[in-house]
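Visitor: The chain contents come next:
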Amino acid sequence: VKIEKENIESFIFDYHEGNLSDSEKTEVLNYIHNHPEYEVAFTLWAQSYLPHESTVKNYGLTNHLLQTPSTDWYNKSWIKITAPILLISFISFFYHTTEESTSLSTPHTKNNTRKQHSVVKTKVTTTTELKSTNTNKPKETPTPIVIHKLVDNKSRPEINSIIESPISSTPIETNPTIEINTSINIQETKSNTSDSVITVVNITETNKKVDESKKKKSYKIKPTTDFIPTNPNF
Amino acid sequence: MPTKSYNKAVHDYNNRLCRFVDKLLQNTDAAKDITQEAYLRLWENRNKVDFNKVRAWLFTTAYRLSIDFIKQHKRFDKNSEMPEKWVHQEHSDLKDVVHQALQILPELQRSIILLKDYEGYSYIEIGEILNLNESQVKVYLFRARKKIKEYIGDLRLVI
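Quick note, the sequences are listed as chains A and B, same order. Residues 1 to 234 (my numbering) are what the first sequence spells out, left to right. Residues 1 to 159 (my numbering) are what the second sequence spells out, left to right.
If you're looking for bench data, these hints aren't it; they were derived computationally from the structure. One or more hints might be untrue.
Claimed, not checked - To give an idea of the chain A side of the interface with chain B (calculated C-beta under 8 Å), a few residues:
| # | residue |
| --- | --- |
| 1 | 13 |
| 2 | 44 |
| 3 | 45 |
| 4 | 47 |
| 5 | 48 |
| 6 | 49 |
| 7 | 51 |
| 8 | 57 |
| 9 | 58 |
| 10 | 59 |
| 11 | 61 |
| 12 | 62 |
| 13 | 64 |
Note that beta-carbon positions come from the ideal geometry of N, C-alpha and C, so glycine has one too.
The following block holds chain B by itself, in its conformation from the complex:
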């Protein structure tokens, strides 16, 4: 992959990639670091990476780096429920509610939601990025949406 193609990948995907990691980690600084690390790895492997699959390659790398980051920092206990402040704060906008509901999802389900809703990937493409098959992606997506749906429904009852 020549420098021109690499730079095109920077222009096309760097903000999308950073948003994906930002939404996944809820940490903008870490998202920037991981995005830069992903592009650094792309530059180092530019002769091996197929430019036609550079987008998937970047998201895969960023996802793996994000998972490593989560494992290192363990922001929340796996068995914990959503933070209390989210339950008691006022939700005036459905957009905010959905974004907050996103945080109660496991990393894998959250990644699938982000890749599907923000990036518009198909089940197969998501499976390639996250190393899952199509059926697994569909099952995880169903579970994720169901959790978000229940979260929104619970909040409606509270409000």
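The following block holds chain A by itself, in its conformation from the complex:
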């Protein structure tokens, strides 16, 4: 573009802005040299720039604007990642520990895997206390019996028979020598991982020697109504 009277100011502006090449700068300077009436304008354009300030005034806001680093610790990415992992691990560990404690005696198959059973829901979660006497049974500590139910309803009678067997087979008031308090605590636990139901039957037998006085009293025979004496000396 040729420098003319109409665009000289634009060229002077670009000259001071640094938008011109070296050859263009030379052209502008030559034009002003040939037209001295633009020398003042050239100087005024140069003076239209804000003077450079070597130092910036301190407004005293720095301390008011600074933030303490402790306030955004939760924004750190490693915490966002590790926190859920730790939480899940803790829950898993806790769950696993609880499950292990409830199924310590669970039998394993040949492949060392637990037997898979389906769920059988029974409402046998009652505590039955039976009072019975048995002369021959020694004093025993409570023995937990763990029964793994199968899904099939066929197995239910078996289990019920097992559960009921100590009750039905115990002779009641046959011999008053030792009083055995037998309490059967039946608990069913449904496993979340496998479809098995673990039935724990706690049989607690408390053998208690009857006092001698009671023992003597217990040997007194009382005749029943249908008792027919055969001995004439009786």
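Fit chain B to the supplied structure of chain A, relying on the hints for placement.
Guide: Okay, now just chain B, sitting in the frame of chain A:
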């Protein structure tokens, strides 16, 4: 943007930002308020703002806040010329003259001059801050410098 980066932005730019607003508004107290408001907004949006562009973000925010301030307070009528006291007072220093000439410029042109001469931004960077394209920035800058030039020339004739 972590706190460390935010604090670095405070150390690097808070005085520059306050000077920009101060020169724009000719009101140091308002400049401090606007600077604090700009940094408050930066802190609130620290997770969204790219640290590499934090300087431009701060100047953009400060400029918008300054324009709002001017609209609310309307220090001068748009059509008014420079205040009379500026014409009659003595100008011994060219620096003062230029700063006074700055006040006769519209806010946009004044902002462009401040960003160009004080902060050394390019046309493109100024355009990003003020939401203008490069050509518009150049045109506004030309007009602004021409006004300053004429102001200085008029004063020379007066003196």
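Visitor: Could you run down the list of hints and mark each one as holding or not?
Guide: Here's how the hints hold up against the structure:
Proximity of residue 13(A) to chain B holds as hinted, the smallest CB-CB distance being about 5 Å (cut-off 8 Å). Annotation: residue 44(A) was flagged as interfacial toward chain B, and the flag holds, the nearest CB pair being 4 Å apart, inside 8 Å. Contact between residue 45(A) and chain B, as hinted, is supported at the beta carbon level, the nearest pair being about 5 Å apart and thus within 8 Å. For residue 47(A), the shortest C-beta to C-beta distance to chain B is roughly 6 Å, which falls under 8 Å, so the interface hint holds.
Against a cut-off of 8 Å between C-beta atoms, the interface hint on residue 48(A) holds, since the closest Cβ of chain B lies about 4 Å away. Hint status for residue 49(A): holds, given a least beta-carbon distance of 6 Å to chain B, under 8 Å. Residue-level restraint check for residue 51(A) holds (minimum Cβ-Cβ distance to chain B is 5 Å; threshold 8 Å). For residue 57(A), the interface hint holds, since its Cβ comes within 8 Å of a Cβ in chain B; the closest pair sits about 6 Å apart.
Hint status for residue 58(A) relative to chain B: holds, with the closest Cβ pair at about 6 Å, below 8 Å. Look at residue 59(A): its Cβ gets to within about 4 Å of chain B, closer than 8 Å, so that hint holds up. For residue 61(A), the interface hint holds, the least distance from its beta-carbon to any beta-carbon of chain B being 5 Å, beneath 8 Å. At its closest, the beta carbon of residue 62(A) sits 6 Å from a beta carbon of chain B; the interface hint therefore holds under the 8 Å criterion.
With a cut of 8 Å, the hint placing residue 64(A) at the interface with chain B holds, because the nearest CB-to-CB distance is about 7 Å.
Going down the numbered hints, you'll see the structure goes against none, and every one checks out.
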